[in-house]
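Colleague: First to last, the protein sequences are chains A and B.
Using the numbering used here, the first residue of the first sequence is number 279, and each one after it goes up by one.
Using the numbering used here, the first residue of the second sequence is number 279, and each one after it goes up by one.
Simulated from the structure, these hints should not be mistaken for laboratory data.
Don't take each hint at face value.
Intra- or inter-copy, both count: the list cannot distinguish identical chains.
[Unchecked claim] Straight-line Cα separation of at most 30 Å, BS3-like style, residue types lysine-lysine; simulated pairs:
1. K369 / K356
2. K476 / K462
3. K474 / K512
4. K323 / K386
Protein chains: 2
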Amino acid sequence: MTLKELYQDIDKLIDKKVKLQGWIRSQRKQKDFGFIDFSDGSCHKHMQIVYESSLKNFDEINSFHFGSAIEVEGNLVKSEGSGQDYEIKAKKLIVIGDCDDDYPIQPKRHTREFLREVAHLRPRTNLFQAVFRIRSVAAHAIHTYFQDNGYIYVNTPLLTTADCEGSDQMFKVTTLDMDNLPKKDGNCDFSKDLFKQKTFITGSGQLHGEAFALAFNKIYTFGPTFRTENSNTKTHANEFWMIEPEIAFCDLNQLMDIEEDMLKFVVNYVLDKCSEEIEFLNKFVDKTLKEKLTKLVKSKFNRITHEEAIKLLKEAKVKWEFEPEYGEDIAKEHEKYLTEYFNGPVFVYNWPKDIKAWYMKLDDDKKNALAVDLEVPGVGELMGGSERETDINILKERCKELNVDTDPIEWFLDLRRFGGCVHSGFGLGFERLIMYLTGVDNIRDVIPFPRTPSSCDF
Amino acid sequence: MTLKELYQDIDKLIDKKVKLQGWIRSQRKQKDFGFIDFSDGSCHKHMQIVYESSLKNFDEINSFHFGSAIEVEGNLVKSEGSGQDYEIKAKKLIVIGDCDDDYPIQPKRHTREFLREVAHLRPRTNLFQAVFRIRSVAAHAIHTYFQDNGYIYVNTPLLTTADCEGSDQMFKVTTLDMDNLPKKDGNCDFSKDLFKQKTFITGSGQLHGEAFALAFNKIYTFGPTFRTENSNTKTHANEFWMIEPEIAFCDLNQLMDIEEDMLKFVVNYVLDKCSEEIEFLNKFVDKTLKEKLTKLVKSKFNRITHEEAIKLLKEAKVKWEFEPEYGEDIAKEHEKYLTEYFNGPVFVYNWPKDIKAWYMKLDDDKKNALAVDLEVPGVGELMGGSERETDINILKERCKELNVDTDPIEWFLDLRRFGGCVHSGFGLGFERLIMYLTGVDNIRDVIPFPRTPSSCDF
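Chain A on its own, in the form it takes in the complex (with noise of 0.2 Å):
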């Protein structure tokens, strides 16, 4: 049995015998008796178990080591202590796997720092129990409300040899010896590679999930992601999850209901089965996080153009360190004032197509994309879709202006030529999101094992 399914029956099983395996968190030891905050990991939830000098073996048990597996067995009582309502009286306490006294992880505060050098203990610590716990809650919160809404999931590629994301952007990928490549002309001699041609990781899906869209009407992507940009802030990571839906017979403002539904249905789940972890994070992380997700679920997003944004930033009463512009993009600086203007999410759209991707949907007179960015107070930018170019003729020109090399692409091309539609899509950005729902501000802390410049252990 888990702790998880013992509280789930805790009525029943109330002065009944029980046996759990987990570990041991911390412990006080007495004379007589003693004390184990034991968890399994199986929920935010701990245990107490008490255990007397009438066990056999109560000096060993006085002598187990933090963090060590143990077995237990006893009664489960209501506590008459203070600071948790239940506890098991051990009958049988044994240790499984032994913990050596140099244990990095110390019942004392860590630094997240030194926690990141740790980073295959820490989810044993309750800040990270209740950030992944979190994380696993809200991807299926993402499947969940997909697939109910009749979306079809689709494992898009990750290698490819179209490089119209710019290939500066995407990891290399090849089976040849590096330390000896073959050579052909002075250059590296790909046609040797498995592909037989220069390969990448992409970094999105999008452009696959289009193919599928045309053929499912509504479909999304939830896979990893790499960028190979050498950024060390606290939002940058090489490798990061993502979300990508794509619609078909839907227009930019389908798509901000689409948004707006979606982010609030998975933030509503979270509050509902992340409970605990939500109080915790809100106590020890972010005193504004419970009152920031509720206030979500019941808001209504505002809509303001990129031209309408440009305006209230201008006319605010701030000192930008960058002064906003019409037809540029809008700072950090800028997304923090706007969501706290609006004191809530904001959808920013139509925005200058020069700042925008070769792909979006251009409107009537050429000079904005049909994009849309939504801002969160915290995060910023959470998620960024658009319309996309069904005109052939248009997209085929937009990549001549962007030197975007059509070859390698001809069958996306094909999707305006055979059946096209009008259709828009989304990128979330997973890691995003979960910093969204814990209040937690360094990517690194959201991803299991993050990879970041010059940082690639575990």
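Model the placement of chain B on the given structure of chain A, informed by the hints.
Modeller: This is chain B only, laid out in the frame that chain A set:
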């Protein structure tokens, strides 16, 4: 409204006006009326649209191209014709996106080989609609099973600097310019690379999964996996998806219970949610499919040791291509015989250690590994798992024997020093599962955009 939503509410919608957007799957044109076989990809079922010459644009409708995206408004009525129960009498019927005449998908039977060449369009055919809808539903079944049973979903990293799986099976990953690699002592100078080390894409999340199982009790991964194998068979791809559950306080017998329970849940879920797709595949792909799946759900899986399996094979009155031998692996033909002999799935456990991996627990006389393969009819090996070695000294010995460098996996060895416990896990190849669930016998036809040697198109 999607077709799926329409069929869900069909009783309420009869004789009501409906509006749909989707594609022409075929069209029969007459002088005074015509029929369109309409699908929007939201479900397996299509809808018949009837249009009459009373429509203003009748001539235009009669010149619609096959494959075009259309919008229809009309009354949903019970059909008097044979072949369908309902139809829509069009009041308005327009083209949203035309389809060029060279559309490769024509309303006739195409070979699967041909359809692989148009992987961006094949999801529009009935076969791939069924396969990829089942793939999506099966993925959700897997998430639902594990989440409902208290497992934590863990996104283990793909980028790794440890090559303990055998780096010849792993893709190398770099940000360096491969036409002009920096050199040091004649070799590639990886200290100039993003992670300052030689980096790979991993072929398994198991090691990282173990770290999380020893914190959260029960965890699973579900993500893409890569192998460099230069092997052109029906069951090998260089990129595929894998599920890797890992369970603390779980021995080999309990692991088999979990594998059996999970597989039955997933098959049952798919039979329930995809009955139309299964009927279709049963009719056109594998006439034993439905019976096979239905039987599996009710059966009790057999369990035999590797030694017993070899004995059975040796006693069989079969002329083998590969003679079965104690101490050796079993071949495809042996797997087939065993599943036919037991007329269903069979677990083969306790394998000779020399043909199994270094991290698997050895039995007391150190002859066998506590490993288990699940063999299923039609596919062969579907899952492979084991108890993990918990004794750090035996583990180090095994690494030495098998030339596994332990330096980059010191953290993994730590898990044995700090509160280790009996734990087990298995790997399930997602594509193998989809082949089993659909009866489709080539892995290229169950992956949206397959990557195999020399083939990384789209």
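Colleague: Look at each hint and say if it fits the structure.
Modeller: Going down the list of hints, with the structure as the test:
1. K369 / K356: Classified as within: same-chain Cα gap 16 Å, cross-chain 70 Å, threshold 30 Å.
2. K476 / K462: For K476 and K462, the Cα distance is within 30 Å both inside one copy (13 Å) and across copies (24 Å).
3. K474 / K512: Between copies only: 20 Å across chains, 38 Å inside a chain, cut-off 30 Å.
4. K323 / K386: Answer is within; shortest intra-copy Cα gap is 18 Å, inter-copy 60 Å.
Violation of the numbered hints given earlier is absent; every hint is satisfied by the structure.
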